[in-house]
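There are 2 protein chains.
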Amino acid sequence: MISVTILGAGNVATHLFKAFVKAEDVSIKQWFNRSIDAIRSYKNEVEIIDDLSQLKEADLYILAVSDDAISELSSKLPFENRLVVHTSGSASAYDIDKKHKRGVFYPLQTFSKAAKMDFANVPICIEAIDKPSYPLLKTIALSLGSPTKRINSDQRRVLHLAAVFVNNFTNQIYRIGHEITESEGAEFDILKPLILETAKKIQDMSPYKAQTGPAKRNDKKTIKKQLKSLENNTHHQDIYKLLTASIQKTHGRKKL
Amino acid sequence: MISVTILGAGNVATHLFKAFVKAEDVSIKQWFNRSIDAIRSYKNEVEIIDDLSQLKEADLYILAVSDDAISELSSKLPFENRLVVHTSGSASAYDIDKKHKRGVFYPLQTFSKAAKMDFANVPICIEAIDKPSYPLLKTIALSLGSPTKRINSDQRRVLHLAAVFVNNFTNQIYRIGHEITESEGAEFDILKPLILETAKKIQDMSPYKAQTGPAKRNDKKTIKKQLKSLENNTHHQDIYKLLTASIQKTHGRKKL
Ligand SMILES: NC(=O)c1ccc[n+]([C@@H]2O[C@H](COP(=O)([O-])OP(=O)(O)OC[C@H]3O[C@@H](n4cnc5c(N)ncnc54)[C@H](OP(=O)(O)O)[C@@H]3O)[C@@H](O)[C@H]2O)c1
Ligand SMILES: NC(=O)c1ccc[n+]([C@@H]2O[C@H](COP(=O)([O-])OP(=O)(O)OC[C@H]3O[C@@H](n4cnc5c(N)ncnc54)[C@H](OP(=O)(O)O)[C@@H]3O)[C@@H](O)[C@H]2O)c1
Numbered sequence: 001m002i003s004v005t006i007l008g009a010g011n012v013a014t015h016l017f018k019a020f021v022k023a024e025d026v027s028i029k030q031w032f033n034r035s036i037d038a039i040r041s042y043k044n045e046v047e048i049i050d051d052l053s054q055l056k057e058a059d060l061y062i063l064a065v066s067d068d069a070i071s072e073l074s075s076k077l078p079f080e081n082r083l084v085v086h087t088s089g090s091a092s093a094y095d096i097d098k099k100h101k102r103g104v105f106y107p108l109q110t111f112s113k114a115a116k117m118d119f120a121n122v123p124i125c126i127e128a129i130d131k132p133s134y135p136l137l138k139t140i141a142l143s144l145g146s147p148t149k150r151i152n153s154d155q156r157r158v159l160h161l162a163a164v165f166v167n168n169f170t171n172q173i174y175r176i177g178h179e180i181t182e183s184e185g186a187e188f189d190i191l192k193p194l195i196l197e198t199a200k201k202i203q204d205m206s207p208y209k210a211q212t213g214p215a216k217r218n219d220k221k222t223i224k225k226q227l228k229s230l231e232n233n234t235h236h237q238d239i240y241k242l243l244t245a246s247i248q249k250t251h252g253r254k255k256l
Numbered sequence: 001m002i003s004v005t006i007l008g009a010g011n012v013a014t015h016l017f018k019a020f021v022k023a024e025d026v027s028i029k030q031w032f033n034r035s036i037d038a039i040r041s042y043k044n045e046v047e048i049i050d051d052l053s054q055l056k057e058a059d060l061y062i063l064a065v066s067d068d069a070i071s072e073l074s075s076k077l078p079f080e081n082r083l084v085v086h087t088s089g090s091a092s093a094y095d096i097d098k099k100h101k102r103g104v105f106y107p108l109q110t111f112s113k114a115a116k117m118d119f120a121n122v123p124i125c126i127e128a129i130d131k132p133s134y135p136l137l138k139t140i141a142l143s144l145g146s147p148t149k150r151i152n153s154d155q156r157r158v159l160h161l162a163a164v165f166v167n168n169f170t171n172q173i174y175r176i177g178h179e180i181t182e183s184e185g186a187e188f189d190i191l192k193p194l195i196l197e198t199a200k201k202i203q204d205m206s207p208y209k210a211q212t213g214p215a216k217r218n219d220k221k222t223i224k225k226q227l228k229s230l231e232n233n234t235h236h237q238d239i240y241k242l243l244t245a246s247i248q249k250t251h252g253r254k255k256l
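Protein chains in written order, with the UniProt record's numbering: chain A, 1 to 256; chain B, 1 to 256.
The shape of chain A in the complex, shown without the other chains:
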């Protein structure tokens, strides 16, 4: 049985806790958070603590805390030479104090406390600065039912950047769809099946092949009409122009 201690009580920590509870080969040793209130409701399921000096020995310590807190928290841990990882896409593995065996356990997903998560849909990107620790980290990820991928810091940096595009920027595009429809007496809800289908389509088809629409077809009449109807919102108009030009660049059409 592998023992794991979780530090932090945010989105990632909470989902990791729930997933580890179900995992067969892993037991949760302790759950630390600087403010105990956030985890008090779990006190019957696990030992909860808010004092680092109470930390017991475990095979792995997962720092699922804000990027900025990783460095300080790791240096305050009252032990050395044990395996300590963070869960960040952007923080360096070297942010962890060098007295520890260091690694990264980056779940490439978007977590909110409210939304359920099946870890089969959470690829775990593993980096082991302490190379002999890699198999243990992989075993733990597999025990969650997650696909795993061994990556280096450069690849993680790239994946996190791409994740900002496909998650945050895509979500903002949805938001603009929301603004456009609701401001003109149409309903955003009616777009939801299209949004889901657009995401499903590229699961087995490249986004290049999946593209359709006025920009790809170079349908100047429609593009002009749509730009005109965005006249009152230059901000939306700028995004329309830039992404239309981007599609045309990708598909070898002339610029607007």
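Simulated from the structure, these hints should not be mistaken for laboratory data. Some clues are possibly wrong.
Straight-line C-alpha distance at most 20 Å; calculated SDA-like pairs for lysine to any residue [stated by the list, open to error]:
id, chain 1, residue 1, chain 2, residue 2
1, B, K224, A, V158
2, B, K18, A, E197
3, B, K200, A, A115
4, B, K209, A, A114
5, A, K216, B, K241
6, B, K18, B, N44
7, B, K98, B, R82
8, B, K241, A, V158
9, A, K221, B, Q155
10, B, K225, A, D67
11, A, K224, B, D68
12, B, K224, A, D95
13, A, K224, B, R157
14, A, K200, B, D189
15, B, K209, A, S112
16, A, K113, B, K209
17, A, K249, B, T234
18, A, K225, B, Q155
19, A, K113, A, R34
20, B, K225, A, Y94
21, A, K221, B, A93
22, B, K225, A, R34
23, B, K209, A, S183
24, B, K249, A, E182
25, B, K228, A, E182
26, A, K225, B, R157
The structure presented is a predicted model; accordingly, all values stated were derived computationally and were not measured.
Fit chain B with the ligands to the given chain A structure using the hints.
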């Protein structure tokens, strides 16, 4: 039994044909395409024709042809005073020749011939210039198992614009995610669960609430690092800047 004739043999026509074959209350009278080759393989399932003079009487004629062809094709139809609709999000209902009863039957989805489509996920936006035809159009949409929505031309224009954002622009963002990962030795595939989850999340949560990430948190350090790693692609950098600013505008942060 309602009789329907389909004109055109592209993505939309083909999916409509397959869905009508399964619909209980609708029979397909004929399938027309100017080039018969595109529909020859269906000749045992339906009467196929490539000559407009062979068109028989039907309760509804669906012009699922390129936007630019709607006007001409509708005027060439050798009858009048029958119900004729097109399937376009952007063409006017008045593009259909005025000798007909006119309407629009706009499926708000993205179709490719290759990908399967469950019409339960295809909201049909109905517009009836000939008002008494509305109930028939609604019945036909329901027979496909589709949700339906009665809309006017302004709402359809807005929905089509919003669809360009959430479908074409989102897909282009996926494409950029593809370019960023593959150009740096990471794999696009690992982003697919995140892409799906991002689309699923807003099925019951507003995109406003669903937003996370460096722009929303105003995490200047990460934004600066990511802009730097896009240095070699000013085009991607411009999109990063504009969408980051857009998120900050939505969530009340200062501009970059
Ligand atoms: N959310 C995601 O979708 C996601 C996905 C992949 C990776 N990540 C990464 O996972 C990590 C955690 O993200 P999250 O979304 O779970 O964050 P979060 O919900 O904001 O939670 C942050 C946690 O860090 C704790 N914390 C903050 N500063 C601290 C300090 N100085 N000392 C000790 N604890 C401190 C907070 O404690 P309090 O409860 O006392 O405030 C809280 O429990 C980050 O590195 C993030 O980049 C997040
Ligand atoms: N694809 C989508 O995701 C989607 C979604 C919603 C609405 N729509 C709308 O649905 C309609 C059809 O789109 P689509 O994607 O199915 O198009 P498509 O795959 O490009 O097919 C176009 C069809 O129109 C026919 N056609 C073109 N010019 C013609 C002419 N002058 N006379 C007669 N037939 C002509 C073509 O005949 P040939 O086979 O002989 O070339 C072809 O069968 C358009 O109004 C489009 O805006 C499309």
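Item to check | B/K98 paired with B/R82 [C-alpha distance capped at 20 Å] | outcome: holds, 11 Å
Next on the checklist: Can you confirm whether the C-alpha distance between B/K18 and B/N44 stays at or below 20 Å?
Outcome noted: Holds, at roughly 13 Å.
Checklist entry - CA of B/K18 to CA of A/E197, is that 20 Å or under? => result holds, 18 Å
Checklist entry - Taken at face value, is the distance from the CA of A/S183 to the CA of B/K209 at most 20 Å? => result OK: B/K209 and A/S183 at ~18 Å, within 20 Å.
Item to check | Pairwise hint evaluation, B/T234 against A/K249, where the allowed Cα distance is 20 Å at most | outcome: holds, 13 Å
Checklist entry - For the pair supplied as a hint, B/K224 and A/D95, is the alpha-carbon distance within the 20 Å limit? => result Satisfied, since the Cα-Cα distance of roughly 18 Å is no more than 20 Å.
Item to check | Proposed proximity, A/R34 with B/K225 (alpha carbon, max 20 Å) | outcome: violated, 29 Å
Checklist entry - Does the alpha-carbon distance linking A/K113 and B/K209 stay inside the 20 Å limit? => result Between A/K113 and B/K209 the Cα gap is close to 12 Å, so the pair holds against 20 Å.
Checklist entry - Hey, A/K224 versus B/D68, does the alpha-carbon distance stay inside 20 Å? => result Holds. A/K224 to B/D68 sits at ~15 Å (cutoff 20 Å).
Next on the checklist: B/K249 and A/E182 were given as a pair; does the straight-line alpha-carbon distance stay at or below 20 Å?
Outcome noted: Given that 20 Å is the threshold and the Cα spacing comes to 18 Å, the pair holds.
Item to check | 20 Å limit on alpha-carbon distance, applied to hinted pair B/K228 and A/E182 | outcome: violated, 36 Å
Next on the checklist: Please verify whether B/K209 and A/S112 have alpha carbons no more than 20 Å apart.
Outcome noted: Holds, at roughly 10 Å.
Hints 5, 22 and 25 from the earlier list are contradicted by this structure; the remaining hints agree with it.
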